[in-house]
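Enquirer: As you go down the protein sequences, you meet chains A and B in turn. Those letters in the first sequence? Residues 2 to 119, by the numbering used here. Those letters in the second sequence? Residues 46 to 158, by the numbering used here.
Please note that a few of the clues may not be correct.
To be verified - Residues on chain A that point at chain B, a partial pick, calculated with CB under 10 Å:
#1 Tyr34
#2 Leu46
#3 Val47
#4 Asn53
Since the hints were made in silico from the structure, they are not lab data. We put the CB at the ideal spot given by N, CA and C, even for glycine.
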Amino acid sequence: AQKVTQAQTEISVVEKEDVTLDCVYETRDTTYYLFWYKQPPSGELVFLIRRNSFDEQNEISGRYSWNFQKSTSSFNFTITASQVVDSAVYFCALSGFILTGGGNKLTFGTGTQLKVEL
Amino acid sequence: SQTIHQWPATLVQPVGSPLSLECTVEGTSNPNLYWYRQAAGRGLQLLFYSVGIGQISSEVPQNLSASRPQDRQFILSSKKLLLSDSGFYLCAWRGQGFDEPQHFGDGTRLSIL
Numbered sequence: 002a003q004k005v006t007q008a009q010t011e012i013s014v015v016e017k018e019d020v021t022l023d024c025v026y027e028t029r030d031t032t033y034y035l036f037w038y039k040q041p042p043s044g045e046l047v048f049l050i051r052r053n054s055f056d057e058q059n060e061i062s063g064r065y066s067w068n069f070q071k072s073t074s075s076f077n078f079t080i081t082a083s084q085v086v087d088s089a090v091y092f093c094a095l096s097g098f099i100l101t102g103g104g105n106k107l108t109f110g111t112g113t114q115l116k117v118e119l
Numbered sequence: 046s047q048t049i050h051q052w053p054a055t056l057v058q059p060v061g062s063p064l065s066l067e068c069t070v071e072g073t074s075n076p077n078l079y080w081y082r083q084a085a086g087r088g089l090q091l092l093f094y095s096v097g098i099g100q101i102s103s104e105v106p107q108n109l110s111a112s113r114p115q116d117r118q119f120i121l122s123s124k125k126l127l128l129s130d131s132g133f134y135l136c137a138w139r140g141q142g143f144d145e146p147q148h149f150g151d152g153t154r155l156s157i158l
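Excised from the complex, chain B in its bound form:
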């Protein structure tokens, strides 16, 4: 069966520090991968998505970047964090079928001080 792992679960970082959140998927190949942010409140905002190794698309301009160095690895990064980067970050994967749902990781709670 497929599983998605996301870490760390919780992170507290000072303003201006770098960021690296990692997400890996097991049990499937060539998944579509997604990074979402959920700010205070409940809305889910799509940040990045990837349909293959090295292919990254950004949905909104921001202080963050994403990379996909391996088929089942998706990394969210920042060189200098801002206070506004605080939030709950969720990684998701889905298979290639048009009807397939997205499956989410457990999320990372990021607090910027």
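Isolated chain A, as found in the complex:
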């Protein structure tokens, strides 16, 4: 069975600090995809990034960076110079499970609440 663990329930930082959100996953699939989503207070889930299991290159997008390490089954997310607007719940998700009849299932972690204060 697939599982995603986000051990950090809540993190509070002061603006301009760097913060890393941890994500550890379990899967028996050899091909899978990992995702990060952001859920601001308004509620919608915003897709941030996708990474496939064969691509261990780290990625940077502005203040965001992602570190994928297959050896430790981790896909951590770092925000550099955090801002108040980064305050949200962040979800890590794993795809690879094929649902009956097609399509795929995302297994979500329980999320990490990030609070960035002035």
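Chain A is already provided as a structure; the job is to place chain B on it using the hints.
Expert: Showing chain B alone in chain A's frame:
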């Protein structure tokens, strides 16, 4: 570009009343469609998914049902709401590619009184 619309944004219903939440997708064809519920706290629970018109699969037994009368329309329904149906309901779509992410609507906050 593709967009997903979900309504209503907020709904307050009495116990025992019916429910209909609607979700439509624009700018794509034959999407996979999903209904999730997010209860108090943060976990996302997959309720239903559909890979085509009229094809509905349920992930968990419950008081709800789903229908897909058109390619880009996904409806979540109940004949009689329970208190435990309260929560935040999210609709999502994705394309057919295995690597494609799911894209979510703005959600419906459902409160049962």
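Enquirer: Please check whether A:Val47 passes as an interface residue: C-beta within 10 Å of a C-beta belonging to chain B.
Expert: holds, 8 Å
Enquirer: Let me know if the C-beta of A:Tyr34 comes in closer than 10 Å to any C-beta of chain B, holds or violated.
Expert: Holds - the Cβ of A:Tyr34 comes within 10 Å of chain B, reaching about 6 Å at its closest.
Enquirer: Could you check if A:Asn53 really has its C-beta closer than 10 Å to a C-beta on chain B?
Expert: holds, 6 Å
Enquirer: Do the numbers back the hint for A:Leu46, that is, is its least Cβ distance to chain B under 10 Å?
Expert: holds, 4 Å
Hint compliance for this structure: no hint is broken.
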